[in-house]
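Trainee: Spelled out from the first residue to the last, the chains are:
There are 2 protein chains.
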Amino acid sequence: EEMTPEQQFEIGKQKALVCITCHGADGISATETYPNLQGQKQQYLVAALKAYKQNQRVDGLAILMQGYAKDLSDQDMKDLAYYFSNVKTDTTHQSQ
Amino acid sequence: EEMTPEQQFEIGKQKALVCITCHGADGISATETYPNLQGQKQQYLVAALKAYKQNQRVDGLAILMQGYAKDLSDQDMKDLAYYFSNVKTDTTHQSQ
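Line by line, the protein sequences give chains Y and U. Just so you know, we're using the numbering used here here: the first sequence kicks off at 1 and counts up by one. Just so you know, we're using the numbering used here here: the second sequence kicks off at 1 and counts up by one.
To be clear, the hints were calculated from the coordinates, so they are not data collected in a lab. The reader is advised that the hints may include incorrect statements.
A pair holds if it fits inside one copy or across any two, identical chains being indistinguishable in the list.
Straight line, CA to CA, 25 Å or less: simulated DSS-like cross-link-like pairs of lysine-lysine [to be verified]:
#1 LYS15 / LYS50
#2 LYS13 / LYS70
#3 LYS50 / LYS13
#4 LYS78 / LYS53
#5 LYS15 / LYS41
Take the sequences, apply the hints, and build the full model.
Mentor: Structure, rendered in structure tokens:
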């Protein structure tokens, strides 16, 4: 049966655990050279992950990303894209 | 003398006229496969433009971007990055 958005988001969130060190749990990265992913277009995120996986992005930082992307399945990419495209910055208990 | 942020933003805005067809005047693109640029990290935007200019991004859509990036100077890239990193969606007169 069809998954709810919440279930879909949760799946992406689990898969994103390895990504958030650089890209931030809410997709806002803490490093100037790492892109924010929050609210990014889902199809673009999938296309970018595919480009890293297929070594079609080969500039300095891309090499690092290739390592992360090479083992991702198409479904992984969709789940990650869904998560980062929909994640919000949780301002209720903003960490000091 | 030092430029004001407003002057810096205006310079980037002029240079971005060719970009906004795909990426949106406020950096929110209307096409699922074109990335949003609003609020993106400046250094990342410069690094991405350099990668396109140096043909270090060669996936399908990248080819299109190479054409736009190939004539950009380093200063152009910084000005464009400043603009898109700082542009906001103007909600005062939101187009219907």
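Trainee: Checking an output row: LYS50 and LYS13, CA cutoff 25 Å. Within, between, both or neither?
Mentor: within (19 Å within a copy, 31 Å between copies)
Trainee: Since the copies are identical, ignore which copy is meant and state whether LYS78 and LYS53 lie within 25 Å (CA to CA) inside a copy, between copies, both or neither.
Mentor: Classified as within: same-chain Cα gap 14 Å, cross-chain 28 Å, threshold 25 Å.
Trainee: How would you classify LYS15 and LYS50 at a CA-CA limit of 25 Å: within, between, both, or neither?
Mentor: Answer is within; shortest intra-copy Cα gap is 16 Å, inter-copy 30 Å.
Trainee: With identical chains, the pair LYS15 and LYS41 could be close in the same copy or across copies; at 25 Å between alpha carbons, which is it: within, between, both, or neither?
Mentor: Both. Shortest intra-copy (18 Å) and inter-copy (23 Å) distances satisfy the 25 Å Cα cut-off.
Trainee: Within a copy, between copies, both or neither: where do LYS13 and LYS70 come within 25 Å Cα-Cα?
Mentor: For LYS13 and LYS70, the Cα distance is within 25 Å only inside one copy (19 Å; across copies 37 Å).
Violation of the numbered hints given earlier is absent; every hint is satisfied by the structure.
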